[in-house]
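Asker: Please arrange chain D on chain S, whose structure you already have, making use of the hints.
The lines below spell out each chain.
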Amino acid sequence: MKYEYYSNWSATDDFSVVDFVSVGKHGSISKRIEIIPTRSHGVYNLALGDMDNSGNFNDYTTSDNGDRDKILATVIKVIEDYTRKYPDRWIYFAGSTPERTRLYRIVVGLHLEDLSKLFEIFAEVADKQAFQPFQKNIQLVAFLIRRKII
Amino acid sequence: MKKAIKSKSILFKQEATIVIDEKLNALKGKIMAPKKLAEANRHLKKMKSLPK
Numbered sequence: 017m018k019y020e021y022y023s024n025w026s027a028t029d030d031f032s033v034v035d036f037v038s039v040g041k042h043g044s045i046s047k048r049i050e051i052i053p054t055r056s057h058g059v060y061n062l063a064l065g066d067m068d069n070s071g072n073f074n075d076y077t078t079s080d081n082g083d084r085d086k087i088l089a090t091v092i093k094v095i096e097d098y099t100r101k102y103p104d105r106w107i108y109f110a111g112s113t114p115e116r117t118r119l120y121r122i123v124v125g126l127h128l129e130d131l132s133k134l135f136e137i138f139a140e141v142a143d144k145q146a147f148q149p150f151q152k153n154i155q156l157v158a159f160l161i162r163r164k165i166i
Numbered sequence: 016m017k018k019a020i021k022s023k024s025i026l027f028k029q030e031a032t033i034v035i036d037e038k039l040n041a042l043k044g045k046i047m048a049p050k051k052l053a054e055a056n057r058h059l060k061k062m063k064s065l066p067k
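Residue numbers (this note's numbering), protein chains in the order written: chain S, 17 to 166; chain D, 16 to 67.
So that you can see chain S by itself, here it is in the shape it has in the complex (with noise of 0.2 Å):
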């Protein structure tokens, strides 16, 4: 993938919580992502947000530093190590709005040849009971995505 990441973190040991350091038009914003187990056995939600300076997480801000593509790539950076890790769970992520889910799609749809070369990728979609595979266009909710057994 053409895309450069953000490649100085601060995690936790098992990778549930990575620190790095959004650098843009509005400056030095402290980023976080959290990965945490839900309620469905083996699957993790995964939230990305803006940590303040009183060290409050805030997923549903927008920063808009203008670095979104480098922000994106390095969750997919997170979501490799993590599931190097952890290769049998699912991950599983939506943006805080539609229009950021919608983002992500398409984000992961330019660069689907590359992602599944690595990665199960499928989609949520409204009104199913079934995850379906991803598909560019499709008009999803939410993502699942795990490490494929190579």
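For the record, the hints were derived by calculation from the structure and aren't laboratory data.
Note that the Cβ used here is the ideal one computed from N, Cα and C, for glycine as well.
Check the hints yourself; a few may be wrong.
What the hints assert, rightly or not - Covered stretches of chain D, going by a simulated chain S footprint (3 or more residues, C-beta under 8 Å): (1) 18-27; (2) 30-41; (3) 45-58; (4) 61-67.
Answerer: Showing chain D alone in chain S's frame:
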């Protein structure tokens, strides 16, 4: 105490430098995005099964 590890990528040409931070380890198990987690649980409950 902090430990740094390097992580190469199959997808990217870069290498990540990851500092394992004991202060962050204290956060393990805490839920920082409860609303997002509740939403995920609500959606997942509706799904009949996971992909095989």
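Asker: Next step is simple, just say for each hint if it's right about the structure.
Answerer: Each hint tested on the structure:
1. Interface restraint, the stretch 18-27 of chain D with chain S: holds (5 residues with C-beta to C-beta distance below 8 Å; minimum three).
2. Note: the stretch 30-41 of chain D has 9 residues with beta-carbon separation from chain S under 8 Å; the three-residue rule is met and the coverage holds.
3. Counting residues of the stretch 45-58 of chain D whose beta carbon lies closer than 8 Å to any beta carbon of chain S gives 10, which meets the minimum of three for the stated coverage.
4. With 6 residues having a beta carbon nearer than 8 Å to a beta carbon of chain S, the stretch 61-67 of chain D meets the requirement of three or more and the stated coverage holds.
In the structure shown, no violation is registered for any of the earlier numbered hints.
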